[in-house]
Amino acid sequence: MLESVTRPTKALLYGSALFSFCSLLNVVQVFSLLLQPFSKSLFFEVNARVAGSMWKVMQLIMEKKHKAAITFSGDTIPHHESAIVFGNHRSFVDFYMFHTVAARRGMLNYMKYFAKDSLKYIPFYGWGMWIMGMLFINRNWQQDQVKINKMFARILDIQAPVWVASFLEGSRLTPSKLAASQKFMLGRGLPLLSNVMMPRTKGFIACVNKFRGTHVKCVY
Numbered sequence: 003m004l005e006s007v008t009r010p011t012k013a014l015l016y017g018s019a020l021f022s023f024c025s026l027l028n029v030v031q032v033f034s035l036l037l038q039p040f041s042k043s044l045f046f047e048v049n050a051r052v053a054g055s056m057w058k059v060m061q062l063i064m065e066k067k068h069k070a071a072i073t074f075s076g077d078t079i080p081h082h083e084s085a086i087v088f089g090n091h092r093s094f095v096d097f098y099m100f101h102t103v104a105a106r107r108g109m110l111n112y113m114k115y116f117a118k119d120s121l122k123y124i125p126f127y128g129w130g131m132w133i134m135g136m137l138f139i140n141r142n143w144q145q146d147q148v149k150i151n152k153m154f155a156r157i158l159d160i161q162a163p164v165w166v167a168s169f170l171e172g173s174r175l176t177p178s179k180l181a182a183s184q185k186f187m188l189g190r191g192l193p194l195l196s197n198v199m200m201p202r203t204k205g206f207i208a209c210v211n212k213f214r215g216t217h218v219k220c221v222y
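The sequence shown begins at 3 in this note's numbering and counts up one residue at a time.
For the record, the hints were derived by calculation from the structure and aren't laboratory data.
Among the clues, some could well be false.
To be verified - Here are the simulated EDC-like cross-link-like pairs (lysine to aspartate or glutamate), alpha carbons at most 16 Å apart as the crow flies:
#	residue 1	residue 2
1	K122	E83
2	K118	D146
3	K219	E83
4	K149	D119
5	K42	D159
6	K212	D159
7	K204	D146
8	K212	D146
Said to hold, decoys possible - Pair ranges (Cβ atoms, derived):
#	residue 1	residue 2	range
9	D96	G215	46 to 52 Å
10	K12	Q184	34 to 40 Å
11	I160	V198	31 to 37 Å
12	K219	P177	37 to 43 Å
13	D96	C220	28 to 34 Å
14	T11	K185	41 to 47 Å
15	V198	K118	18 to 24 Å
Backbone N, C-alpha and C define an ideal beta-carbon position, used for all residues, glycine too.
Please work from the sequences and hints to get the whole structure.
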């Protein structure tokens with residue numbers, strides 16, 4: 003039946019279904035706030051499962067419905083290992099690549115992203131990200147450092163499993179952004195990168211320093 007439906011209509015159907023599901027999960031999250039004063043670990047786990055539920059649905063749509071072909075290569079990543087994870091940011095669907103690996107290593111529920119501060123104001127989706135503890139930053143390092151330290155302290159306080167994910171370029175790659183990045187590199191006498199932008203390293207360094215000697219031992 004859906005084969006005869008136009009692409010915009012399919013997008014509307016999928017979007018409506020995801021919005022409804024996300025709204026239901028938000029209700030669970032709001033009630034989970036009642037747990038926080040009594041059990042930080044339980045509050046964290048409830049919201050981790052909420053996040054995992056949403057992302058599993060999105061992965062099923064990509065991998066099963068749309069039959070995305072994904073190739074795995076490189077080192078074998080252990081199951082249930084906490085880590086700092088970073089990658090290039092070439093398109094909107096890059097986070098699917100993180101999730102594809104995380105789902106197969108038992109860590110999909112525990113993804114924590116660095117995200118633009120403005121995203122938390124998106125109804126339902128952004129609110130859910132805020133409750134589940136995403137790392138919202140606004141590129142003011144003095145403010146961002148305080149937020150990062152607070153969030154990491156919460157993770158370490160309960161020894162929570164986590165994949166802290168970051169796109170070090172800070173933004174999706176576009177021709178204009180790549181040109182601006184190359185201009186910056188040339189002006190600083192840095193090696194010229196052709197396929198990626200200049201990485202923003204403050205957040206990554208903060209992650210490594212904060213998690214040094216903790217249960218988060220690896221960088222992917």
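Quick rundown of the hints versus the structure:
no.	hint	verdict
1	K122 / E83	violated, 28 Å
2	K118 / D146	holds, 11 Å
3	K219 / E83	holds, 8 Å
4	K149 / D119	holds, 11 Å
5	K42 / D159	holds, 9 Å
6	K212 / D159	holds, 12 Å
7	K204 / D146	holds, 10 Å
8	K212 / D146	holds, 14 Å
9	D96 / G215: 46 to 52 Å	violated, 30 Å
10	K12 / Q184: 34 to 40 Å	holds, 39 Å
11	I160 / V198: 31 to 37 Å	holds, 35 Å
12	K219 / P177: 37 to 43 Å	holds, 38 Å
13	D96 / C220: 28 to 34 Å	violated, 20 Å
14	T11 / K185: 41 to 47 Å	holds, 43 Å
15	V198 / K118: 18 to 24 Å	holds, 19 Å
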